[in-house]
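**Q** Since chain A is already given, all that's left is putting chains B, C and D on it; use the hints.
Protein chains in written order, with numbering that gives the first Met the number 0: chain A, 0 to 341; chain B, 0 to 341; chain C, 0 to 341; chain D, 0 to 341.
Keep in mind the hints are simulated off the structure, nothing from the lab. Some hints here could point you the wrong way.
What the hints assert, rightly or not - Pairs of lysine-lysine residues, derived as BS3-like cross-links and limited to a Cα-Cα distance of at most 27 Å, are as follows:
#1 277/C / 302/C
#2 13/A / 16/B
#3 220/D / 220/B
#4 220/C / 221/A
#5 277/D / 302/D
#6 13/D / 13/C
#7 221/B / 221/D
#8 221/A / 221/C
#9 16/D / 13/C
#10 220/C / 220/A
#11 16/B / 16/A
#12 221/D / 220/B
#13 16/C / 13/D
#14 13/A / 13/B
#15 221/B / 220/D
#16 302/B / 277/B
#17 16/C / 16/D
#18 220/A / 221/C
#19 302/A / 277/A
In case you want the letters, here they are:
Number of protein chains: 4
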Amino acid sequence: MRFDSDYTEGCIDKIQKALARTNLDQTVGYGMDEHCERARDIIRRLCVCPDADVQFLVGGTQANLTLITAALRPHQGVLAAVTGHVNVHESGAIEATGHKVLPLPERQGKLSADDVRGALAAHFSDPHAEHTVQPGLVYLSEPTECGTVYSADELRAISAVCRQYQVYLYIDGARLGYAMAACPEITFHLLAEVADAFYIGGTKVGALFGEAMVITHPALKKDFRYILKQRGGMLAKGRLLGLQFECLLEDDTYLSIARHAVAEAQRIRQAGLERGWKLYADSPTNQQFFIVPNDQLAVLARKYSYDIWETLPDDQTAIRFCTSWATQPAQVDALIEDIRSL
Amino acid sequence: MRFDSDYTEGCIDKIQKALARTNLDQTVGYGMDEHCERARDIIRRLCVCPDADVQFLVGGTQANLTLITAALRPHQGVLAAVTGHVNVHESGAIEATGHKVLPLPERQGKLSADDVRGALAAHFSDPHAEHTVQPGLVYLSEPTECGTVYSADELRAISAVCRQYQVYLYIDGARLGYAMAACPEITFHLLAEVADAFYIGGTKVGALFGEAMVITHPALKKDFRYILKQRGGMLAKGRLLGLQFECLLEDDTYLSIARHAVAEAQRIRQAGLERGWKLYADSPTNQQFFIVPNDQLAVLARKYSYDIWETLPDDQTAIRFCTSWATQPAQVDALIEDIRSL
Amino acid sequence: MRFDSDYTEGCIDKIQKALARTNLDQTVGYGMDEHCERARDIIRRLCVCPDADVQFLVGGTQANLTLITAALRPHQGVLAAVTGHVNVHESGAIEATGHKVLPLPERQGKLSADDVRGALAAHFSDPHAEHTVQPGLVYLSEPTECGTVYSADELRAISAVCRQYQVYLYIDGARLGYAMAACPEITFHLLAEVADAFYIGGTKVGALFGEAMVITHPALKKDFRYILKQRGGMLAKGRLLGLQFECLLEDDTYLSIARHAVAEAQRIRQAGLERGWKLYADSPTNQQFFIVPNDQLAVLARKYSYDIWETLPDDQTAIRFCTSWATQPAQVDALIEDIRSL
Amino acid sequence: MRFDSDYTEGCIDKIQKALARTNLDQTVGYGMDEHCERARDIIRRLCVCPDADVQFLVGGTQANLTLITAALRPHQGVLAAVTGHVNVHESGAIEATGHKVLPLPERQGKLSADDVRGALAAHFSDPHAEHTVQPGLVYLSEPTECGTVYSADELRAISAVCRQYQVYLYIDGARLGYAMAACPEITFHLLAEVADAFYIGGTKVGALFGEAMVITHPALKKDFRYILKQRGGMLAKGRLLGLQFECLLEDDTYLSIARHAVAEAQRIRQAGLERGWKLYADSPTNQQFFIVPNDQLAVLARKYSYDIWETLPDDQTAIRFCTSWATQPAQVDALIEDIRSL
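Only chain A is shown next, with the shape it has when bound in the complex (with noise of 0.2 Å):
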C-alpha cells in the first residue's frame, strides 16, 4: 500500500466521466476553447478577482520556472525558504532562467516577514548592492513541503513588506486544498489579496494533472501567454484543463477531497505520536512527518511505501506520510494497527 505520495493514483471519478463525456466534442486548442473559460470564471468568482488572469499548466515546476521567470527582470532573484520546492526539488529550474534563488531561513517550512523584511532592507540600503542579486519576488509554499500552513495574518504580513519594497508575492499552492481544507482561514480569496499570482494545485489535489495560476498584478498579466508557449507549457488540447478545474470548483468538491486526504492523515497522526514517534514537522494537513527507529521502518516497509526525507543519527529516519482525495479509509486502518503493533 501506497503512502509515499499524493500522486500515486490518477482522477477522481467525475473528472474520469467528464473526460469521457466530452471526448469526441471539437474544441479549439491552447486553452481558448470553452471550458477553460468556464473554469476561468469560476476562479475569478472564488476568489473575488474579476480582473484575474487565469492560465493553466500542467505540472508545479512548469508553472513555477514560467511564472518567475516571466516576473523577473535578468538582474533579480527570488528570495526563498532554504528548504522551498525552487530552491531544492526542481534540478536549477530556477537558475536555468537566469535567476538566483536567495535562501532565507525557515522554521517548520516557513518564512518570518521579519526575515523577508531584513533581508530586502539589507539590500536596498547596501551602497554595493549592483554587485549582488536584487530581490525582485518572495516565493512560498501554502501548504508549505513540509505540511504546515501560514496564517492569514502570517501571509498578511509578508505580503506587507513585499508591497513595501515593491517586490512580488508568489505562492505555490501545489496542495493548496489541503491547506484550505486544514485551516478554513485559507480562502482563494485570501491567496488573491495578498500574492501577486498564485496557483491552485490539481495534480496532487483530485485531477489527473494540471495548476491553475490565477496572476493579479497587471504586469504580470501582460504576454504572460508568450512566455507560457516558449518555455514548453502551453497544452494543445488545454480544454483537458479546463475541464479538469471546472469538476474540482464548479461546487464543493476542491475542498471535500482536500477534507477527507486531510481527515486520515490525522488519523496517521495520532497513532504515530501514540505509538511514540516524535513529529519532525507538526503538519495539519496531509502529509505527516515522523522521525521513526529504523527496525521499526524495517517492519513497516514489508507492507507500506513511505517517503523517506531525511537520514538522522541514532539509527533513526525521518519518513513522509501522504494521504490524498484516493486514500481508502480501510487502508489507513491497516496502517494504523500495524503502527500500534510494532
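**A** Below, chains B, C and D without anything else, positioned relative to chain A:
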C-alpha cells in the same frame, strides 16, 4: 465542423478505456512505473534498438527544447529549415535555452543534404568561425510542417552528412504516424538508424497528449532526465504517458488510425484539385494546403473551420485542412460536397 | 602594411600621455570616479540630453548583449538586418541571453523603415502572435557593417515606426565617428533624439578600448549597472574608460581623427575605381569594399593585409580595406601606387 | 589615502612603458598576436604544462562566468563556499548562465575536502538525484575572499575528491600573486597540477587589467574561444593583455610586487594587533580584516579609506585594509602611526 487542426478532439477510445480501467491503480511517479517500462520495451523493439533510451513528454515544444538543450554546448546552434517549427512557431523556445536557430532554405518544407553539407563545410572551414555560431545539431520534421515527407534516401543522405561533421541529427515526429501511413518506407527502425534522437508524436495521432522521445546516441542519454525535470517536462503521474503509448504501439493501432486520417485527407485533396484549387504544398499526409479564392473561402467559413496559412495577393489565401484519427467520413463527405458546389 | 581592420594599433598619443600622467592617482573603482563623471558630463552636453545615463564598457559585443538583455522581456526578440553584427558576428551572444534575432532584408547593409513597419505590423496583427517571437527592439549600426551611412531622415523614419509600436531603437555606434565625419548631419544630438540607447565607439576610433553607452529611455536606465556587472562588463579600474572618453570628446579630437581616416579611405576608393574595381558596397566612411580579381589580389597580398569579405564566382573576391586614426598617408600612397601598377 | 582595494591605481611602470613603446605597432586582433603567443609560452613554462591552453580576459567576473559556462552541462551547478565570490559578489553572473551555485560551509573563507566529498557523495548516492542540481564543478579562490590561503595539501585533497567524482576543479586566482608571495609552496606548477582550470590575476597584481585563464583539462579547451567571444570577453586589441602578462611574468616581477604588498600588509596587521583589534580573518596576504570599535573608525575615516565588510553588534565593524604593488611605505607608516595613537 473543424478541420483546422489534428488536435480538436480527445483521444482514441482504447486509451479512454485504459485510463478508466487503471485509474485507481497505485504506481510510482515520474515515468518510472510499469506502463512506462512496457511502452519503452515496445518502442525499443519497434526501433530494433535495444539500447535506446525512451522518455515521455507532454508536448512537442517541450520535447524540442529539452532535447536541444541537452544536446548542445553553449556556442552551438541548430540548423533548420527557415520554415521549421523551432524557427517560427515556438515563441523563441530554442533561443530561450541560449541557442541560435540557423535557418536554411527549404523546398516544400524540406532541407536538402546539399544545403546542410554546404552550411557545415562553410562553418568548419571559416578561419573566423569562432565569431559565429557553430552548428551542433540538424533539426528536421517528418512529415514537415507543410505535410511533405522526406524519403528514406533523403533522410539517409542528411544523416551521412551529419555523421561526417559530427553534428547531431534530431527528427521532430509530431505527426510521424501520418508520414509512416503515407510512405511505408518510413519506419521506426529507419528513424532510429538515421537520427541520434527523434520523437514519436502522440498528441496529434490518437493520444490525449504525449510524445515519446527516442534517444539512440549515448552522449544524449546521459543525464537526460535531469534536464527533463529542470525544463518542467517530467510529468508527476508519468504513467499517463506510458499507458497511452502502450495503447498506441502494442499493436497496429498507431499506424491504422494514421492511415484512416491520410485516406480522408486524400479525398479532400482530390476534391480541391477537381475544384481547380492549386496546391500550396504537395502533401501525401493528413494536412492539405490549398490556394483558395477569398470569395469561396467566405462560403466555406460558414460551416467549416480551417487554418489560415498565408494571405496571398489577388484575393487568394493559402489554407490548411487537417484530418485526424477522429475525422468521420461523413464530415469529409459534407466538406467535399460543399467544395464541389462552390 | 595592415589595412585589414581599424584596431591594429593602440591609441592616440593624447590618451597614451593621459594614462601615463594619471597612472598613480588613486580613485574608486567600477566607473564611479571623477574621470567617468567628467566624460559623462561631456557626453550629455554633446547629446543635448542632460538626463541621459552614460555607462562605459570595454567592447562592442559586450555593449550589445548587455543593453539588449537589459531591454527585453523573455519572449521578445531583436529586429536586425540579416547582415547585422548581432546576427552574424557575435557567436550567438544575443541568443545566449535568451533572445532571438529576427532578420530583416538589407540594402547596402541598411534596414528600411518600411521593412521595420511591415514586420511590426505583421506581428501585432497576427492572431497567433503568441506562438512567435515578439519584436521588442530594433538594432541597427551607424555606419553599417559595410560602411554605409543612414541619413538623418532614414533614422528619423525608423525611430518614428519604433515609437508607434513601442519597441526600442538601439544603435550600434562601433564606428560612429566615421559616420559623423562622412555625413555632417549625423551628430550625437541626432542619435540621442532618435534612439533609446546607442553607443559611441572608442575601440575603433582612437581609444585603446572602450565604448560609451548612452541611454535616453528611462526604463532602460533603471538598474542597468546591475546587469553591466552581471554580464562581466563592469571594469574594475573604470577610470581607464572615463579618461579615454574625456580625451576623445573634450575637444574636437574624436571627429578630427575620424575625418583623417575617412579622407585616407576615400583616396583608396578613388584608386580602386580608377583601377576598374567594382564597389561591393558604396561606402563614404573608413571601410572600403571592392570586388577584385584573384590574380590581382595575389600580388597585393605580398605587401598588404586586407579583410576577405566574401568569395565570389569568376575568380573574384570581395575584400575590405580599413583606415583609421593611425593610418599614415605614406602607407596609403604606397597602396595606391601598387593598385595603379597592378 | 586609499586602502579600500588593490585596484585604486593604474599599473606598474614597466607595463606603462611597454604600452607606450608598442603603441603604433600593427598586430592582428583577438589575442592571436605575438605578445599573446609569447605570454602563453611563458605561462606554459611556469606551469610546467606544455599542453595548457591559455586565454586572456579583461576581468574576473567575466573569467569566472566564461569558464563555468564552458564547463557545465545545463543540469549542473557549482559547489562553492557560501562566501565565494561567485556566490555573493557577481550579481548572479553564474545563474545568468543557467547554473546554480550550491553553497557549502566555509571556515575562514575556505572549503574543506570533507565537505566537498560529503556533498558529492550525497548527490551521487541520492535515488532522487535527478530532482536536484548535479554538482559539476568545484570553485575556490586562492587566496580566498578574506585573504586566507589554501595549503598545497588542502588543494591536493580537494583535487583528489574532484577527480574521484569526475567533477572539475576551477581556481579563481584574482589575487594569486599574493598567495604565492605569502606561501612559497603555492606555485603556478602546483595550480596546473591540481586544477582543471585556473586564472592568474593581473588586475589586482600590477596590470591595468587582465586575467590569464590557464586550462589544463582537454574537454575545457575545446571551442573555449567561441564562448569567450560569445560572452563578450574577447578583447579586440588582445595584444594589450598579452603584453601585460609578458611584462609581469617574463621575470620575477609578478612575485616581487606581490611580496612588497604582502610585507606592507603584515606591518598593518602587526599594528592592528598591537592596538588590540581582533582579526576578523587571519590573513597572511595583502588583505587585512579587523574588528574595530566604531569610535576609532570614525577617527581613521578622516584620513583613510578602507572597505566596510560587515556591521557587527556592540558598536563594532569588520573592515578591510588592502595593500598592493602601488602601496608606498610612507602611506603605511602614516596609517600605523595613526592606529597607534587612536
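**Q** Run every hint past the structure and note whether it holds.
**A** Status of the hints after comparison with the structure:
{"no.": "1", "hint": "277/C / 302/C", "verdict": "holds, 22 Å"}
{"no.": "2", "hint": "13/A / 16/B", "verdict": "holds, 15 Å"}
{"no.": "3", "hint": "220/D / 220/B", "verdict": "holds, 23 Å"}
{"no.": "4", "hint": "220/C / 221/A", "verdict": "holds, 21 Å"}
{"no.": "5", "hint": "277/D / 302/D", "verdict": "holds, 22 Å"}
{"no.": "6", "hint": "13/D / 13/C", "verdict": "holds, 19 Å"}
{"no.": "7", "hint": "221/B / 221/D", "verdict": "holds, 20 Å"}
{"no.": "8", "hint": "221/A / 221/C", "verdict": "holds, 20 Å"}
{"no.": "9", "hint": "16/D / 13/C", "verdict": "holds, 15 Å"}
{"no.": "10", "hint": "220/C / 220/A", "verdict": "holds, 23 Å"}
{"no.": "11", "hint": "16/B / 16/A", "verdict": "holds, 11 Å"}
{"no.": "12", "hint": "221/D / 220/B", "verdict": "holds, 21 Å"}
{"no.": "13", "hint": "16/C / 13/D", "verdict": "holds, 15 Å"}
{"no.": "14", "hint": "13/A / 13/B", "verdict": "holds, 19 Å"}
{"no.": "15", "hint": "221/B / 220/D", "verdict": "holds, 21 Å"}
{"no.": "16", "hint": "302/B / 277/B", "verdict": "holds, 22 Å"}
{"no.": "17", "hint": "16/C / 16/D", "verdict": "holds, 11 Å"}
{"no.": "18", "hint": "220/A / 221/C", "verdict": "holds, 21 Å"}
{"no.": "19", "hint": "302/A / 277/A", "verdict": "holds, 22 Å"}
In this structure, every one of the numbered hints holds.
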